[in-house]
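A.B. asks: Take the two lone chains and join them into the complex the hints point to.
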Amino acid sequence: MSALHELTLSEAATLLRQRQISSVELTRAFLERIEALDGRIRAFTLVTADLALQQAQEADQRLQRGEQVTPLTGIPLAIKDVICTKDIPTTCSSRMLEHFRPPFNATVMERLQAAGAVMLGKTNMDEFAMGSSTEHSAFFPTHNPWDLERTPGGSSGGSAAAVAAGMAPGALGSDTGGSIRQPAALCNVVGLKPTYGRVSRFGLVAFASSLDQIGPFARTARDAALLLQAIAGPDPRDSTCSATPVPDYTAELTGEIRGLRIGVPVEYWEAPGMDPGVARVGQEAVNRLRELGAEIREVSLPHTRYGVAAYYIIAPAEASANLARYDGVKYGYSYRDTSDMWEALDKTRQYGFGPEVKRRIMLGTYVLSAGYYDAYYKQAQKVRALIAQDFERAFEQCDVLVSPASPTVAFRLGEKLSDPYQMYLNDVFTIPANLAGICGISIPSGFSEGLPVGLQILGNAFAEATILRVADAFQRVTDYHIQRPAL
Amino acid sequence: MIDRETVLHIAQLARLGLSDEEVELFRQQLSSILEHMAILREADVSGVSPLAHASRLTNVMREDEPAPSYPPQVLLANAPDQEEQCLKVNAVLEES
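Heads up: the sequence lines are chains A and B, in that order. If you're matching positions, the first sequence starts at 1 in the UniProt record's numbering and goes up one per residue. If you're matching positions, the second sequence starts at 1 in the UniProt record's numbering and goes up one per residue.
Chain B on its own, in the form it takes in the complex (with noise of 0.2 Å):
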């Protein structure tokens, strides 16, 4: 079972804000969910190696040749503020 701390925890790792009501709806049914992932517990992997991904490739490698980027404007079409062709974004370090 998933408590209210845990939800609140887990919200804090993934910077994800949630309402009241969503935290009492997430720790239902994340409790609920990985209820029926204790299945996986059954599986018996004794000398199984972990599998990342099934892309059946390694190190794929290619020549390091330059090639023309995007141009500031371009990529910072998007963003939500700018100026001087930078991301402009809240103040990171409080003043003392």
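The shape of chain A in the complex, shown without the other chains (with noise of 0.2 Å):
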């Protein structure tokens, strides 16, 4: 047997409920690698060890006595630290929520409880989300588990750093326009962007609320099945989650993809800043699709040159109006030092609030005040309706379609942060899937300069279970999934 640590999900849920390893076992190995890697990666912004080993116990009580057990019974996990879990600290990487312990749990944690999961600690991010590179987070960067001196990618590059350095088997991150698929690309490991109300948003800290959607990290596209099984599906608490039954996704990885439509969309594959050992790594992904039998044809999205600056304008005109909460009042940092209201405010939100975070709240306002308002904000709605009639067509020709999930490997940690729009393009491939709120995935296909190069295969609205199934009949027959960055 691999050590505990290298194990895939399923293989540890297998082996949990043969009871040849228990929980507690396996959490143990976990916490020990996070202690002896963390120090130089820095995924985490808090370990809970000592609630992560009791949670290991009663998993290990279920599986004992057979009852509830779950694929996910027994399994560690990281979560993002947007996600509020209950008293637990969930501060989105920011100063304002340094000390913030939400009353409640996310639903997407109350489902993962239920299943019987437990949670190694929660994870760091660019501050509430908003980046590329996780060096945005208030309190540290997070390194590449490839190359140190990288970054990881982001915003949820704590949740793809530690299951890439194997410092969790799976982990829960957020999507708003790439920050789990880029990060997982960049990491060598399985990212999964469900669609737009796939998955209830409640409890997830919010940043932008037409694009935002939790979604799952593992090492291979069953496991992200099963993590995504645990947490899709309707509630009442989040009335954008949608009622769409949840199919079986395991049961839909046949490894069989003959006949199947895949589109290669020539203006991602054209795009200015991609690299060439990027794209040629995607060829040879292309070709190996096509050796499976899945018929490979050429398709148009005329709008993806628009999408960067459509989303940019969008998320941060929601983000302004979904941050205005932060007024130290309720919870969160508040600067004391006044009794004059508006002069506690707008210190509270200037020594609360990092860079990034500040730039697009301005930029927010900006294009939502008067006299900008059409110029900016409307036309991006309607420039957002044209990509996602742009996806409609193609998905009347193709099942899936396939591209590089970043224009680039793995960046080094500062080059792209003086520069903002520069870190902006980062997100080119990912960002038209949030606008137009279909499902994406991004799976280890190669390496460039030795560095990893990430797939991304988009599906239509609810198609999670036909992306999962082109994912897992790729891992079938390559196993770049299975390479380990040396540490």
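One thing to keep in mind: the hints can contain errors.
Taking beta-carbon pairs under 7 Å as the criterion, some of the chain A residues facing chain B (in silico) [what the hints assert, rightly or not]:
id, residue
1, Ser239
2, Ser339
3, Ala344
4, Gly437
Stretch-level coverage of chain A by chain B, calculated; a stretch enters the list once three of its residues show a Cβ under 8 Å from a Cβ in chain B [claimed, not checked]:
id, segment
5, 294-308
6, 312-323
7, 376-386
Source of the hints: derived by calculation from the structure; they are not laboratory data. Here the structure is a predicted model, which means the values were calculated and not measured. Just so you know, even glycine gets a beta-carbon here, dropped at the ideal spot from N, CA and C.
C.D. replies: This is the structure in structure tokens:
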């Protein structure tokens, strides 16, 4: 048997059910791995070791009794620190929420707990999920396990790095413009952004409410399917959460993609800024899919070039409204050295928010302000409609669309910090799926210059089973997802 | 181009205190970012309705059933300041 921290989630689940290992042993192995490595990687903002061992003991009792056993019973997981955990700090990697302890659990946490999962801790992120490198954490940057001088991507960089380094077999993140898929690509793990409305957002600290979605990180498509199975489905506390039935995702993992129509969107592959090494790896992945019997066809998503601009108007606009709640009165950081209400409000927000959050609040407030609303915000919403139409047409001809998830491999820490727009361009291939509300997954697909390249597979709304099937079929004939960074 | 006065006006709308350095930094950065946004004007949006969300849902209804809420001390546990089970804030109205 391989070392416990090298097991995939599915392998661990099988061994747990066979009682060959206990959840306490498994959890200890990951806690020891975190202890040994996280001083260098810094994926976690908080490690909840005592709670994890307590949950592991309870899971072992369930496994022993053979009652209410699910594939996640006894499985340790890492949780992005934007997801509310009852009585456990939920900071969004912001000074504003540094000492905030939510009085409730997010719906996804309730579901994981009901399934018997174990929480290892909370993971680092760009502040309020705004960023593509995890360098905008107010606490510390996270390092890419494949090269500690490079970023893991973001904003869910902590969750991606934790899984990549074997510090957790699975994790949850959130994806507003690529924040699951891009770090998954840069860290050589699987990351899935579900369809908007597939997973409840109740208890997900809001960034851009029409775009945000919680999703899983794991080593394999099968593991991602198990995690999605546990968290998907309607929730009366999130009216945007869909009642569309949740299929049995693992039952769809047949390994069979013969005749499946796979679209190659030319605008993605020919985008300016696409690294030639990344494109080459992506092309080899497409060839693999063709060898598996899929039918590859070129498609056009003609409004792709407007995606980044539309997104960086819509997302900051929604953020500027969502973050108005941080007033220093109800919870969070509060500036106290004044009796003047307005000064307290201004300074609470001045000292509580970091530079990227302030930049987006300013940008969002500007595009919503009188005189600019039509020119920027309304125009962006119309372009959003055109981008959604592009996908509708493409999915009439194809079952899924494939491209690299990110135009480059992991970049160096600090490399893009001084030019915000260069940072925003990282999201060029991931943003359109959020604008259109469709689902997407990034899977390990090879290496360029020794660094991981992720293949993004986009599916129509509620077609998670299809993208997971393609991802699983690819992983059956490749070993990229098995390769580990030297740590 | 965005000028200093516009930055200060937007900051006031957002109730966001900024240092002098931040005012100058955001003046430059917002100007530069908005230049990139100008590409949106090239899109032909004639006859296109704005899309506010992609949830594919309308009018989600449920029964209005009573359910227990949180006790005040739980909801006030994160409050920076409180008094007699209320959030304590600075004076809103000035004495004249």
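A.B. asks: What are the numbers of the hints the structure violates, in ascending order?
C.D. replies: Checked against the structure, no hint fails, so every one of them is satisfied.
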